[in-house]
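> Chain residues, written in single-letter form:
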Amino acid sequence: MEASDKKATWRPSWWRGRTAVIGVPYFWLLLFFLAPFLIVANYSVSEMGAIRAEDISSVSEGAIRLVMKYTNYQRLLPTQDTLYLYAYWASIKYAFVTTFFCLLIGYPFAYFMARAKQSLQPTLLMLVMLPFWTSFLLRVYAWKGLLDEGGWVASLITGTHFDKVLVLMGAIEVPGQLMHTTFSLIIGMTYTYLPFMILPLYANLSKMDLRLLEAASDLGATPWVAFWRVTVPLSKAGIVAGSMLVFIPCVGEYVTPDLLGGPSTLMIGRVIWDENFNNNDPPMAAAVAVVLVLLIVVPLAYFNKYQAEAQEARK
Amino acid sequence: MKNRALFGTKFAKVFGRAWLVGGFLFLYLPMVALMVFSFNHSRLASRWGGFSLEWYRKLADDTEIINGLWLSLKIAVTSATGSVILGTMAAFTLVKYKRFRGRTFFSGMVNAPLVMPEVIQGLSLLLMMVAIQRVIGFPERGFFTIWLGHLMIGMSYAAVVVQARLQDLNPQLEEAAMDLGARPWQVFTLVTFPMITQSLISAWLLTFSLSLDDVVSSAFLSGPGATTMPLVIFSRARLGLDPSVNAVATVMIVVVAVCVAAASIWVARAERRRAAEISAAQRDDA
Numbered sequence: 001m002e003a004s005d006k007k008a009t010w011r012p013s014w015w016r017g018r019t020a021v022i023g024v025p026y027f028w029l030l031l032f033f034l035a036p037f038l039i040v041a042n043y044s045v046s047e048m049g050a051i052r053a054e055d056i057s058s059v060s061e062g063a064i065r066l067v068m069k070y071t072n073y074q075r076l077l078p079t080q081d082t083l084y085l086y087a088y089w090a091s092i093k094y095a096f097v098t099t100f101f102c103l104l105i106g107y108p109f110a111y112f113m114a115r116a117k118q119s120l121q122p123t124l125l126m127l128v129m130l131p132f133w134t135s136f137l138l139r140v141y142a143w144k145g146l147l148d149e150g151g152w153v154a155s156l157i158t159g160t161h162f163d164k165v166l167v168l169m170g171a172i173e174v175p176g177q178l179m180h181t182t183f184s185l186i187i188g189m190t191y192t193y194l195p196f197m198i199l200p201l202y203a204n205l206s207k208m209d210l211r212l213l214e215a216a217s218d219l220g221a222t223p224w225v226a227f228w229r230v231t232v233p234l235s236k237a238g239i240v241a242g243s244m245l246v247f248i249p250c251v252g253e254y255v256t257p258d259l260l261g262g263p264s265t266l267m268i269g270r271v272i273w274d275e276n277f278n279n280n281d282p283p284m285a286a287a288v289a290v291v292l293v294l295l296i297v298v299p300l301a302y303f304n305k306y307q308a309e310a311q312e313a314r315k
Numbered sequence: 316m317k318n319r320a321l322f323g324t325k326f327a328k329v330f331g332r333a334w335l336v337g338g339f340l341f342l343y344l345p346m347v348a349l350m351v352f353s354f355n356h357s358r359l360a361s362r363w364g365g366f367s368l369e370w371y372r373k374l375a376d377d378t379e380i381i382n383g384l385w386l387s388l389k390i391a392v393t394s395a396t397g398s399v400i401l402g403t404m405a406a407f408t409l410v411k412y413k414r415f416r417g418r419t420f421f422s423g424m425v426n427a428p429l430v431m432p433e434v435i436q437g438l439s440l441l442l443m444m445v446a447i448q449r450v451i452g453f454p455e456r457g458f459f460t461i462w463l464g465h466l467m468i469g470m471s472y473a474a475v476v477v478q479a480r481l482q483d484l485n486p487q488l489e490e491a492a493m494d495l496g497a498r499p500w501q502v503f504t505l506v507t508f509p510m511i512t513q514s515l516i517s518a519w520l521l522t523f524s525l526s527l528d529d530v531v532s533s534a535f536l537s538g539p540g541a542t543t544m545p546l547v548i549f550s551r552a553r554l555g556l557d558p559s560v561n562a563v564a565t566v567m568i569v570v571v572a573v574c575v576a577a578a579s580i581w582v583a584r585a586e587r588r589r590a591a592e593i594s595a596a597q598r599d600d601a
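The listed protein sequences derive, respectively, from chains H and C. Just so we're aligned: the first sequence equals residues 1 to 315 in the numbering used here. Just so we're aligned: the second sequence equals residues 316 to 601 in the numbering used here.
Keep in mind that the hints were calculated from the coordinates and are not lab data. Note that the Cβ used here is the ideal one computed from N, Cα and C, for glycine as well. Check each hint, because a few of them may be wrong.
[What the hints assert, rightly or not] Computed footprint of chain H on chain C; a stretch qualifies when at least three of its residues, placed anywhere within it, have a C-beta under 8 Å from a C-beta of chain H:
#	stretch
1	346-354
2	366-376
3	419-431
4	454-460
5	485-494
6	542-554
7	557-568
[Unchecked claim] On the chain H side, residues computed to face chain C include the following (Cβ under 10 Å):
#	residue
8	Val21
9	Phe32
10	Ala35
11	Ile92
12	Pro131
13	Phe136
14	Leu137
15	Asp148
16	Gly150
17	Ala285
18	Val290
Use the sequences and the hints to build the structure in full.
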């Protein structure tokens with residue numbers, strides 16, 4: 001009897017506590033994460049200088065009607081202005097190229113890390129994560145000094161005449177001129193996001209069952225074949241996770257293109273900034289942002305689906 | 316065994332090592348260059364012109380940087396603290412309460428800021444703040460709005476870090492405490508909290524450094540008179556190479572390295588002490 005009494009007085013306070021623990025962050029996110037998005041959506045269908053809640057909906061004769069002005073979205077079309085299309089295309093293209101190079105450098109790196117001596121691995125992991133603790137802005141800025149005329153990397157590249165190759169590849173326009181080109185932008189973004197590729201790949205590769213390779217070898221596979229047909233397919237989850245972690249933030253990147261890119265590498269983050277602050281046109285900035293969100297949602301949805309499937313498969 | 320992996324061969328071993336060394340060189344070269352050129356006598360930050368401490372001397376009188384640093388530290392400390400509190404609540408909710416209305420939606424909102432471009436988060440908070448300010452005259456763009464922006468991002472990161480730790484906890488310990496009559500709040504402060512302290516510290520340090528380093532959302536949310544240090548550095552870096560930026564960078568790298576080392580030693584020591592206490596307690600029982 002006593003026990004049940006105790007339970008009766010105990011439960012409400014427990015439930016109140018539970019409500020508070022769930023409610024506070026929930027309410028906070030609704031207020032400062034969801035609401036701003038709805039406001040952006042509202043702005044994006046508003047006219048300049050006249051932004052009201054009525055822009056998205058109006059009440060007439062007791063029914064709520066959606067009233068939208070699509071002028072901002074129409075202006076995004078290449079028939080009106082090709083700038084936006086180019087900027088979206090450039091963002092996706094550079095994000096893709098960056099992801100490619102991160103994978104190219106990061107996969108072997110993570111592989112050798114995972115196959116290094118067991119006692120060495122924590123140190124190697126630490127060394128990969130350590131740059132995170134220093135300012136990303138300062139590390140990007142450092143490339144300015146390295147790639148500027150006479151800088152260490154610039155001297156190395158012009159000294160080995162690699163700049164002529166870069167011209168042929170279309171990464172730079174004039175030999176010797178490395179800064180403010182596609183090349184400097186890609187090197188900066190690859191540098192920034194490389195650890196984001198290495199960490200999930202390492203987590204994946206270090207867990208691999210090495211006996212599978214022995215089995216492959218026993219069955220007559222050469223090491224090279226075993227690598228491509230056993231190791232790589234097994235690390236697919238790591239490749240997908242790493243690629244997403246690189247690709248998605250790269251699309252909206254603002255700081256690196258601004259510091260290392262040039263006039264030919266206009267990306268969408270910059271366009272949003274310019275529309276809002278330089279052209280004083282928040283509705284246009286909002287429209288550009290909404291389309292960017294839609295662009296990012298597509299790979300993200302694929303990623304979520306892939307992860308869900310992988311989890312199902314594990315069960 | 317000899318044919319176990321592609322990398323059993325001598326050539327592959329050398330190749331693997333070279334790749335790792337090359338990769339680390341790529342990751343660390345810029346930081347080394349930053350530090351080296353902070354002692355450069357020449358104004359040209361890409362060419363060596365002799366050793367000098369000139370830029371550090373100038374840094375001491377650079378009120379713009381110092382005021383920026385002060386503001387950044389204030390924002391970083393307060394927003395990291397707020398992020399850890401809110402992030403812990405969110406993590407606790409996601410790990411402990413498996414069923415409540417809108418859980419999927421909630422977890423989506425917690426994780427979304429991790430992948431949302433900062434440009435969009437900055438813009439959306441800015442537009443909301445502007446709209447609110449137009450109606451009630453508050454908040455002015457400045458400390459508060461930047462703080463809010465950092466809190467939004469930091470909360471998600473803190474939630475991820477704390478969530479990982481909470482998932483590893485043995486729920487039986489909390490259940491045992493409840494069976495012994497502890498109230499939920501007591502269970503949290505006496506059992507859960509001591510076990511997740513280390514992850515709370517890591518979450519705090521992570522969100523602190525994210526805030527201290529943030530450019531994009533600060534740039535959107537700052538107002539006149541509220542220029543954080545990264546914003547000062549960013550505007551100087553945009554104009555070109557500036558040795559004063561190298562000097563700031565070196566100071567920051569050294570401070571961060573010392574703090575990270577101190578924190579990891581402290582955490583390791585606390586862990587050891589805990590382990591010793593637990594084994595001592597177990598001995599007493601026996």
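> Would you mind marking each hint as holding or not holding in the structure?
Structure-based check of each hint:
Interface restraint, the stretch 346-354 of chain C with chain H: holds (4 residues with C-beta to C-beta distance below 8 Å; minimum three). Coverage of the stretch 366-376 of chain C by chain H is violated in this model, with 0 residues showing a Cβ closer than 8 Å to a Cβ of that chain against a need of three. Beta-carbon proximity to chain H at under 8 Å applies to 7 residues in the stretch 419-431 of chain C; the threshold of 3 is reached and the given coverage holds. Counting residues of the stretch 454-460 of chain C whose beta carbon lies closer than 8 Å to any beta carbon of chain H gives 0, which falls below the threshold of three, so the coverage claim is violated.
Residue count for the stretch 485-494 of chain C with a Cβ under 8 Å from a Cβ of chain H: 0. That is fewer than the three needed, and the coverage hint is violated. Coverage of a stretch by a chain is defined here by at least three residues with a beta carbon nearer than 8 Å to that chain's beta carbons; for the stretch 542-554 of chain C and chain H the count is 5, and the condition holds. With 6 residues carrying a beta carbon less than 8 Å from a beta carbon of chain H, the stretch 557-568 of chain C meets the three-residue requirement, and the given coverage holds. Interface hint at Val21 of chain H: satisfied, since its Cβ lies 5 Å from the closest Cβ of chain C, which is below the 10 Å cut-off.
Interface restraint check for Phe32 of chain H: the shortest CB-CB distance to chain C comes to about 6 Å, inside 10 Å, so the restraint holds. This hint holds: Ala35 of chain H has a C-beta 6 Å from the nearest C-beta of chain C, less than the 10 Å allowed. The interface hint given for Ile92 of chain H is broken, as the beta carbon of that residue sits about 13 Å from the closest beta carbon of chain C, more than 10 Å. Interface hint at Pro131 of chain H: satisfied, since its Cβ lies 6 Å from the closest Cβ of chain C, which is below the 10 Å cut-off.
Interface hint at Phe136 of chain H: satisfied, since its Cβ lies 6 Å from the closest Cβ of chain C, which is below the 10 Å cut-off. About 5 Å separates the beta-carbon of Leu137 of chain H from the nearest beta-carbon of chain C, less than 10 Å, and the hint is met. A least Cβ separation of about 4 Å between Asp148 of chain H and chain C falls short of the 10 Å threshold, and the interface hint therefore holds. Here the hint on Gly150 of chain H is kept, as its CB sits about 5 Å from the closest CB of chain C, short of 10 Å.
Taking 10 Å as the C-beta contact cut-off toward chain C, the hint placing Ala285 of chain H at the interface holds, the least distance being around 6 Å. Taking 10 Å as the C-beta contact cut-off toward chain C, the hint placing Val290 of chain H at the interface holds, the least distance being around 9 Å.
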